[in-house]
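Just so we're aligned: the sequence shown equals residues 4 to 74 in my numbering.
FYI, nobody ran anything at the bench for these hints, they're computed from the structure.
Heads up, a few of these hints could be off.
[Claimed, not checked] List of simulated lysine to any residue pairs, SDA-like, C-alpha gap at most 25 Å:
| no. | residue 1 | residue 2 |
| --- | --- | --- |
| 1 | Lys13 | Val25 |
| 2 | Lys13 | Val28 |
| 3 | Lys13 | Gly24 |
| 4 | Lys13 | Ala26 |
| 5 | Lys13 | Thr23 |
| 6 | Lys13 | Val32 |
[Said to hold, decoys possible] Ranges of calculated distance between the beta carbons of each label pair, as one might list FRET restraints:
| no. | residue 1 | residue 2 | range |
| --- | --- | --- | --- |
| 7 | Arg6 | Gln40 | 29 to 37 Å |
| 8 | Val51 | Ala26 | 34 to 42 Å |
| 9 | Gly54 | Val33 | 50 to 58 Å |
| 10 | Leu45 | Leu10 | 50 to 58 Å |
| 11 | Arg6 | Gln27 | 46 to 54 Å |
| 12 | Ala18 | Gln41 | 49 to 57 Å |
| 13 | Met4 | Ala26 | 51 to 59 Å |
| 14 | His34 | Asp9 | 34 to 42 Å |
| 15 | Ala18 | Ile38 | 29 to 37 Å |
| 16 | Thr50 | Gln27 | 43 to 51 Å |
| 17 | His34 | Ser8 | 33 to 41 Å |
Every residue, glycine too, gets a C-beta built ideally from N, C-alpha and C.
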Amino acid sequence: MRRVSDLIAKIGSSAAEQSTGVAQVDQAVVHPCNITQQNAALVEQSTVAVGEPEAVGDAAGGGGERVSVME
4 MRRVSDLIAK IGSSAAEQST GVAQVDQAVV HPCNITQQNA ALVEQSTVAV GEPEAVGDAA
64 GGGGERVSVM E
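Take these sequences, add in the hints, and give me the full structure.
Shown next, in the form of structure tokens:
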């Protein structure tokens, strides 16, 4: 009976280790996705800040032509 209890304890310990490992892998996959989304947002903001007429027009809802004329 003791052997069965030891095996069950080892199984429980292994399951906990696997759970931790899966959580770490999940974080490793999610983190780059979040960084990619942040980078895309920064590129969009930078493009608008630089004042590219098309980007400004898109951000402002289509006023790019007016910005181009003003340059």
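Outcome of the hint check:
no. : hint                      : in the structure
1   : Lys13 / Val25             : holds (18 Å)
2   : Lys13 / Val28             : holds (22 Å)
3   : Lys13 / Gly24             : holds (16 Å)
4   : Lys13 / Ala26             : holds (20 Å)
5   : Lys13 / Thr23             : holds (15 Å)
6   : Lys13 / Val32             : violated (29 Å)
7   : Arg6 / Gln40: 29 to 37 Å  : violated (51 Å)
8   : Val51 / Ala26: 34 to 42 Å : holds (37 Å)
9   : Gly54 / Val33: 50 to 58 Å : violated (34 Å)
10  : Leu45 / Leu10: 50 to 58 Å : holds (53 Å)
11  : Arg6 / Gln27: 46 to 54 Å  : violated (32 Å)
12  : Ala18 / Gln41: 49 to 57 Å : violated (34 Å)
13  : Met4 / Ala26: 51 to 59 Å  : violated (34 Å)
14  : His34 / Asp9: 34 to 42 Å  : holds (38 Å)
15  : Ala18 / Ile38: 29 to 37 Å : holds (31 Å)
16  : Thr50 / Gln27: 43 to 51 Å : violated (35 Å)
17  : His34 / Ser8: 33 to 41 Å  : holds (39 Å)
Of the numbered hints stated above, those contradicted by the structure are hints 6, 7, 9, 11, 12, 13 and 16, listed in ascending order.
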